[in-house]
Amino acid sequence: MRQPLYIISACSISAQHTYDAETFLNPVVTSGNGQMYVIDPDYKKYINPVAIRRMSRMLKRGITAGMRCLDDAGIKTPDAIIVGTSRGSVTDMEIFLHELIELEENALNPAGFIQSTYNSVNGWLAMLTKCPSYNQTFVHRGFTLELCLFDAMLNLAETTETKHYLAGAFDELTPEYFYIRNKIDYYKKDLPDSFHLLEHSNTPGSVGGEGAHFFTVSNNKENAACALHALDMLHKPTAESLQQAVDAMLAQNGLTPDDIDILISGMNGDSRTRFLTDPVVASVSPRTTVAVFKHLCGEYDTASGFGLWLANYFFSKQSIPAEVVYKKGTSERIQNILFCNVTISGNATLMLLKGV
Amino acid sequence: MAERVVVTGIGIISALGTGIHEHVNALKQQKIGVCPISLLRTIHAREFVLGEIKMSNDELSSYIGLPTGDNGYTRTALLSLAAMKDLLSETDIELLRSEAFAFINANTVGGMSKMEDIYADVLKPDTLQHNIKYIDTLDCAESTERVVEFYNLKPFMATISTACSSSSNSFIMGARMIRQGLVKRAVCGGGDALSRFTLNGFYSLKNVDKKHCKPFDQNRGGLNLGEAAGYCLLEAESSAMARGAKIYGVLSGYSNTNDAYHPTAPSPTGEGAIRTMKEALNMAGINPSEISYINAHGTATQNNDSAEGLAIQHVFGTKPPPFSSTKPFTGHTLAAAGVIEAIFSLLAINEQILIPNLNFETKMEELEIAPLREYAENANLQHVLSNSFGFGGSNVSLIFSKA
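If you read the sequences in order, they're chains A and B. Each residue of the first sequence is one higher than the last, beginning at 189 in our numbering. Each residue of the second sequence is one higher than the last, beginning at 66 in our numbering.
These aren't lab readings, by the way, just hints derived from the structure by calculation. One should not assume that every hint holds.
Unchecked claim - Calculated lysine-lysine pairs in the DSS-like style (CA-CA distance at most 25 Å, straight line):
1. Lys219/B / Lys424/A
2. Lys189/B / Lys371/A
3. Lys198/B / Lys371/A
4. Lys351/A / Lys343/B
5. Lys424/A / Lys189/B
So here's chain A without its partners, still in its complex pose:
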């Protein structure tokens, strides 16, 4: 990675009060049924009333998170739009699939089909921002958001001019999706309080989640609180190969474990992913504070968006809320953050972020 990817603004629509970052964790939102749905903001701000009536929740959410993110960065038309989703608009897919089966392939309404297309949020964002430039959609499980960031870096590496890209990812939870995935132990059978997810790490499954996270990224550091300096994606790693990747990333960036002020861990309470998360957490320096987040946003393939939003929050506020601290370290500064995410489908990702 030759140049850092500066994060100019970040927008999160999640199960917590993140859309307005000033109210984050005030109060903490919890769930008693194993499912964490997002708090919907006012969607009318960015979408006109005629269009909004026909839109599914995921479309409204993706568009709003993207538009708000650009608004916060003071950008009207980005130089590229790179968006990811692992499962697309699940509601639309379910609607069309149910119609297909129940109406036996007769007189179907195309709305569900159109909106379930994985790049529909991309298309809408291009229209609303009048962005005729590069437009890309990644759909790769636990690598989805990371591929968007990687592709942003690939594109920025080919220019010397200042560019601002909109990059982000979204995924949706529905009761039906939750029900189906439960058959393969995605989620815990009994979780009375999502906030205490990690206290149930001896059983399989996590807590269901969803969200939309967008970032205005740039090759110019102006107005950025932090930058992504390194990114790695590992398909079904072993504990050893993940640790090697961590060590290599630190070494390549001239850092030692003592230099890491915060490790953000994607530990998700699933006993089957602990072989990856536990050793990374155990190997941190006493200086490093370990932060966790899936008890706040739930588990889904693009939950790393919440983690990255959180990292940006740490840098911007220069503080770590007690609700995310898993283990307190001695470091007083917030300069270097290592983010290690894992997902149930077996992908792990690493990001190294530095304050600007």
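Got chain A sorted already, so can you dock chain B onto it with the hints?
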């Protein structure tokens, strides 16, 4: 100056057959793959024609070397594996194991072809055990990871989904990684299997012709769907030369732009397509007059052919190079369309043939240009442009040049 990116391997399966040889023969003999439905279980089976690959899932599994029956592989994954097997029949797999490489796959509906069959059962409290193993196969990355795991590869991997331009976008990402020196090689392409979901989706949009599609024809009635998978091995030219690899062509230009106009319809003036083609020409450093053949997106829908036709006329004038849509041969294979047509473009260059636009009869009223009707040999092709456009305003053009 970044290094040139060349294509040194091809793997393909479509309604025309498996492998380069069968495809070259079909294109030369104008044998079409679109025909009545025999495999897809749809109530419309007697009404429509499709570009169906006439191999059952069991036959595909046997071809790949997998157990038959409910083996957990969706048809999408099986098609991707079959195309990769074909690619590896001429490429030493050790090339992909010995050095870092990228696998950029593309897909639009994942394992829907299976999920639509088992969904009712999946919603029951006591889902059948043999259906449980397909629960997590609906997403687009399933086929990507299946290929990687089956062949025991450890690539940088990505899955792209930009509707009907998906696999053309995979070429762009792979080429960027090679040009920037991140990898020497990238396998780029994609696959999609037919499903009732997509057939009825396009049908509900009134975009499907029940008869054979007629791209760029005044009386066109919509598209024929098809299924396919294809991959190209992209490689840094120096690496290809050093190992004496056969070079099918140079990926000399590409562009990705967006219409920013409408969720499903292209800008009627073809404005987005114009920009995309021009950008690709700029990158290749050639004039429009140097393009010897255009493999158009040409879906035979009202909107696409009108916008694309106007765009071609705008960029190339009223005497454009020969252009054709090859979708009457294969059907519109969605995520695979980009790579299948990129392969046809490469085959056209290697065989020096011009592939006609089948089923064309009547010139479109709004156009002064008409597609190529006759097959031709000894065509002296130097540069070929391949267009792919999709829902969401997505436009991609690729330019392949003779090595």
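Outcome of the hint check:
1. Lys219/B / Lys424/A: holds, 10 Å
2. Lys189/B / Lys371/A: Answer holds: Lys189/B to Lys371/A is near 10 Å, not above 25 Å.
3. Lys198/B / Lys371/A: Holds, because 10 Å separates the two Cα atoms, which is no more than 25 Å.
4. Lys351/A / Lys343/B: holds, 21 Å
5. Lys424/A / Lys189/B: With a Cα-Cα distance of about 31 Å, the restraint between Lys424/A and Lys189/B is violated, given a limit of 25 Å.
Taken one by one, the earlier hints fail for this structure only at number 5.
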